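Peer 1: Chain residues, written in single-letter form:
Number of protein chains: 4
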Amino acid sequence: MKPLGIAVVGLGRIGKVHAEIIAMRLSNARLVAVADVIESLARSTGEQFKVKWYTDYDKLLRDEEVDAVFITTPTYLHKEMIVRAAEAGKHVFTEKPITVTREEAVEAVKAARKAGVKLMVGYMRRFDDAYSEAKRRIEQGAIGKPLVFVNVARDPGPPPGWAQDPKLSGGIFLDMLSHDFDMARFLISSEVKSVYVLGGAMLYEEIRQKGDLDVVTVNFEFESGAVGMLHGSRKSVFGYDLRTEVMGTEGTVYVGSHHDPNLALGTREGLTFKGVQWFWGRFYEAYVKEDQAFVDAVLGDKEPPITGVDGLRVVEIAEACWRSWREKRPVTVERTAV
Amino acid sequence: MKPLGIAVVGLGRIGKVHAEIIAMRLSNARLVAVADVIESLARSTGEQFKVKWYTDYDKLLRDEEVDAVFITTPTYLHKEMIVRAAEAGKHVFTEKPITVTREEAVEAVKAARKAGVKLMVGYMRRFDDAYSEAKRRIEQGAIGKPLVFVNVARDPGPPPGWAQDPKLSGGIFLDMLSHDFDMARFLISSEVKSVYVLGGAMLYEEIRQKGDLDVVTVNFEFESGAVGMLHGSRKSVFGYDLRTEVMGTEGTVYVGSHHDPNLALGTREGLTFKGVQWFWGRFYEAYVKEDQAFVDAVLGDKEPPITGVDGLRVVEIAEACWRSWREKRPVTVERTAV
Amino acid sequence: MKPLGIAVVGLGRIGKVHAEIIAMRLSNARLVAVADVIESLARSTGEQFKVKWYTDYDKLLRDEEVDAVFITTPTYLHKEMIVRAAEAGKHVFTEKPITVTREEAVEAVKAARKAGVKLMVGYMRRFDDAYSEAKRRIEQGAIGKPLVFVNVARDPGPPPGWAQDPKLSGGIFLDMLSHDFDMARFLISSEVKSVYVLGGAMLYEEIRQKGDLDVVTVNFEFESGAVGMLHGSRKSVFGYDLRTEVMGTEGTVYVGSHHDPNLALGTREGLTFKGVQWFWGRFYEAYVKEDQAFVDAVLGDKEPPITGVDGLRVVEIAEACWRSWREKRPVTVERTAV
Amino acid sequence: MKPLGIAVVGLGRIGKVHAEIIAMRLSNARLVAVADVIESLARSTGEQFKVKWYTDYDKLLRDEEVDAVFITTPTYLHKEMIVRAAEAGKHVFTEKPITVTREEAVEAVKAARKAGVKLMVGYMRRFDDAYSEAKRRIEQGAIGKPLVFVNVARDPGPPPGWAQDPKLSGGIFLDMLSHDFDMARFLISSEVKSVYVLGGAMLYEEIRQKGDLDVVTVNFEFESGAVGMLHGSRKSVFGYDLRTEVMGTEGTVYVGSHHDPNLALGTREGLTFKGVQWFWGRFYEAYVKEDQAFVDAVLGDKEPPITGVDGLRVVEIAEACWRSWREKRPVTVERTAV
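Chains as they are written, first to last, in the working numbering: chain A, 1 to 338; chain B, 1 to 338; chain C, 1 to 338; chain D, 1 to 338.
Read the hints as simulated data drawn from the structure, not as lab findings.
Predicted model, so just to flag it, every value in this text is computed and none were measured.
Check before you lean on any hint, since a few could be wrong.
[To be verified] Okay, derived cross-link-like pairs now, BS3-like style, lysine-lysine, Cα gap no bigger than 27 Å in a straight line:
| # | chain 1 | residue 1 | chain 2 | residue 2 |
| --- | --- | --- | --- | --- |
| 1 | B | K289 | C | K274 |
| 2 | D | K289 | A | K274 |
| 3 | B | K274 | C | K289 |
| 4 | B | K328 | A | K145 |
| 5 | B | K50 | C | K289 |
| 6 | C | K328 | C | K193 |
[Unchecked claim] Only part of the chain B face toward chain C is listed, based on derived beta-carbon distances under 8 Å:
| # | residue |
| --- | --- |
| 7 | A130 |
| 8 | A201 |
| 9 | L203 |
| 10 | E206 |
| 11 | Q209 |
| 12 | G211 |
| 13 | T249 |
| 14 | G251 |
| 15 | G256 |
| 16 | A264 |
| 17 | E285 |
Beta carbons: idealized from backbone N, C-alpha and C, even for Gly.
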């Protein structure tokens, strides 16, 4: 089988992670090109990986060695880049979230469908051993019928500058918590029906000024009758604090942690554990499996495990959260038929 | 100093715990009588403790050796018993919750005030080492300004028969979760302003039939601007699952646990810890400190650390939760001036 | 059935715990007397429990209401008190260790045997839920054949004055670590065959002066072929650090912990848990079960679950540890046939 | 600065990890060649990394682009390959352990010294965040004076075939536990003075037949007066069980864990955590830092952080363990002056 030729577009931190994984860790795939609008970055990365490099996206899309693109640029560029890749007949993997708005997401989904190319969205937690094992156990009936989804997500600090502007990133509900809403849909196997938001910009003046929030709680219902509650914060002084649990009629599954068990110091103060300091460390192997799943779906001509519609659904939830926030009441999540 | 003479009224499980603590563990207090409507129970308990025993509450209230009563009867009897004790000039410690309704709570508070007797409500978690240390650390500024209260409370099973009837017990929000709302007020040092409830009777048919709920989530605001989310369940198959956390601008404090670290079995399945099987084991020392605090308040003529008004405030929150549940919308907690 | 009449002799901390348990928590037993050489202590305790009190042990032994004595005095008094109680026809529960020396232990065992009274030694960990469940799981085959015993035992601080003198207490190997050797025998179901000791008086000048040790490691063999290693320290600045594990061919069981999961503070330093601050808190229910087991053995005319010979065996191990320490080589544990 | 040209020799699992790290993650270094005696493996790896490939070690040593070699072959080949690399003027990084015997280690150290090339041994735990932070804290005085080293190391299963032969691998004390002895020296900052071994071949018939052990305990002294105890097992059914602790006069530091906190399933059995399933996952970043440290030492003409003499010292300890095992007594570790 001819390996899938892949180009990575957008060479920030996560772009380089995907490039490294594609070059080193995948079966049936090879990195053929990298691209960035910053020429020096494109060139040095190309040289590091010994592959072609581009600054012009259209030129890259005309490269016949490129079968698929990985879009790892800021969110507000996703829609346009997905559509153009699809029109060029390239399969598309896009980092999360799929787009900033629902309308854009629909456009992206339709473009891929029309072109007959695969479109996958990168919610890598689904491929993490702990989350995927949790899913498997739930499906095997280990906790009976799922009734409650509880989630705490605290990032160590605020996102990079552009992502603090909700017009460019979708704000906290999309940029950060869409991971958690994706996980809610994944673990409960049901759509989110309504949301009710409380919170505010309580931590960072710059986030307040841009109109985003940094501390929120969301109470929500699933179509299945299950209920959920979720808390997100853009600050956790000791490291990541990311925990998800699903209670069912016969048990509860817990994923995530708030401390690294590997170092503790016992002094007169008590026993102090390190926080969890991963950026992508914890999830590196999840990215590998995610990228392989994309390659396998394309080569096997199967639906990718996280579709454009999955990406659309979390955009819709995030938009409902913003509406609940503005209107100070529970709101129904509107789902677009596509 | 003459020790405070105490009678315990209502000799179910928790009544006996208080009797044992008063007889054995307190300073400046002595158990002088016990009472129950079941004569055989009253007599055998009296004999065990070598104290007087009563089946008639009024007779007990006329006993001059009795300076204070501990009311450990079912909730729906509290109001009447508090009022009569106050009228008889006896100080009152009542188990939680203070009463079933807001009106009753107001009546109880006013009766104690009019009679000039102390009235304390037994939310023992406030005296547990972990919760009280959490409070102390928050007040010392260890987590900065408190912003978020997160709480999960899962009991191993449903309450005893009478408490499954919300007319007698106040239902899940009062009978069970008033502990958690008391803790919210205690740790955040602010009143709860509004609540929004989701949930249902998802676990037990008998609870559904009596009109109570067994799985709920509550999203709520504090007057301080902090937000909270809380989940309660009447089932946790492996034991108690009770965890509270408060995130502030500078850190997070975590109280509670979902497993006992003292036994783990490592087999091919992984590492299996025991659940937490306390009924009052975990909190026995908290009850001792709570009871001593009552004695000290009475003898020192000070306000008890958990007042009748504290008891009223959580009844008001529970009533708001029921209203939110019925009306399917966020509601404001109405507070009675007393 | 006539309840067993019990007297508690020695009213320090642990004596009062047993008195409280006998008075309040046991079936088929009643506290009939307490005794201490300090008259004021004997009297006040007798008044608290509303029972007879003695300062003269012989007088107590002539009390016909006393069927059994609990000996909770310092170790160096045990032998004489056990022998006299046996001669008076009283059943005996003695706190651990049974005696200071092997010769004394043999004498105590023989005296009880000759008098036909029961003799039990109080290694309460055997009745703790975690340790006893560990034993049960091992016997059920959950870890296959036991191969390795690993134990860390660190007390928060040095013992009271008298127990720092090895001539009175048997020193660290008997006063403190006999709990752990008892657990080794209990969990592995095999006798200890040889021991090799390293360590010293590294922490406390007063311990060094009295000839005791405060930091030790012991490498040892069981008759079954299993091996063990054990570390004891008289200091742990954040609280108790007590952990035992048994690895078998098919798994490992872990008992104990080094932190209390119930309170954690997350700050820039990391996540700090409280240490474990029990004195008898953790083991209170174990003492209740232990005392009940003694009562049941006496009333049912059965061998107590921890016999005088069990007590003797750990004295022999402790003596072998001292010999290994003095001779700087592995030594065989000599077992006396009784 | 001209980047250091590196060749990786021996393309098993760990060899490829180093190749990937050198190619992708290091500063001032580049992968210039790979080598293996299996031609197909050498070729395919060379093609994957787009570098030269060799099957002939001498030919590789004549390659002028190669400034340094990474030796990742089986242990019994190390000595010869280190000596030849040194004679060819190449700097050497060798995977642990340095060699099978003390004599070989001395020869390797002398060869590197004579040739004036750097020689580093790969005990990567020293570069792991948890272990290195533990070291830092100990040096900062966080636990006072170190008194006790306690270590449990259980691998999920036996090593690959060749490493089961102690003549080729040094057996359990060198092949597996030299990591732990290296850590003992590193954390206590003192040499091991004597060892006493118990144990046997209790788990695997094939290990027994080859004369190796699979379950051991070691009691040992440091020159500083500190003591240590260590247990190693070639089996842990639920995953890695690797824990190290150092107790000092003022506290204790704990490194490692026996469960992954990221997934727990609560059922009627209790709360079951996943074991730790890393092979190099947990330590991947440690390998990156280790390899960078080698590059920095060579380019900066400094002593590498883990020297050939460090490698020799753990060979000496492993040899003493074997001697103790054969002679059934504590033995002194003999150190060769080099």
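Peer 1: Give a verdict on every hint.
Peer 2: Hint check results:
1. In summary, the hint linking B:K289 to C:K274 is supported, as the alpha carbons are separated by about 19 Å, within the 27 Å threshold.
2. Annotation: proposed proximity of D:K289 to A:K274 holds, straight-line Cα distance about 19 Å (limit 27 Å).
3. Restraint check for B:K274 and C:K289: satisfied, since their Cα atoms lie roughly 19 Å apart, inside the 27 Å limit.
4. Among the hinted pairs, B:K328 with A:K145 is consistent with the structure: their alpha-carbon atoms are about 24 Å apart, no more than 27 Å.
5. Of the pairs offered as hints, the one joining B:K50 and C:K289 holds, with about 24 Å between alpha carbons and a cut-off of 27 Å not exceeded.
6. Taking the CA atoms of C:K328 and C:K193, the gap is near 17 Å; set against the 27 Å cutoff, the hint holds.
7. Restraint check, B:A130 versus chain C: the minimum CB separation of about 4 Å is within 8 Å; hint holds.
8. A hinted interface residue such as B:A201 counts as satisfied when its beta carbon comes closer than 8 Å to some beta carbon of chain C; here the least separation is about 31 Å, so the hint is violated.
9. With a least beta-carbon distance of about 26 Å to chain C, the hint placing B:L203 at the interface is violated under the 8 Å criterion.
10. Checking B:E206 against chain C by beta carbon gives a least distance of about 30 Å; that is not within 8 Å, so the hint is violated.
11. Among the interface hints, the one on B:Q209 is violated; its C-beta lies about 36 Å from the nearest C-beta in chain C, farther than the 8 Å criterion.
12. For B:G211, the interface hint is violated, since its Cβ never comes within 8 Å of a Cβ in chain C; the closest pair sits about 34 Å apart.
13. Taken as an interface hint, B:T249 does not check out: its beta carbon lies about 12 Å from the nearest beta carbon of chain C, beyond 8 Å.
14. Nearest Cβ of chain C to the Cβ of B:G251: about 4 Å, under the 8 Å cut. The hint holds.
15. For the restraint placing B:G256 at the interface with chain C, the shortest Cβ-Cβ distance is roughly 6 Å, inside the 8 Å limit, so the hint holds.
16. This hint holds: B:A264 has a C-beta 4 Å from the nearest C-beta of chain C, less than the 8 Å allowed.
17. Residue-level restraint check for B:E285 holds (minimum Cβ-Cβ distance to chain C is 7 Å; threshold 8 Å).
In this structure, the hints that do not hold are numbers 8, 9, 10, 11, 12 and 13, in rising order.
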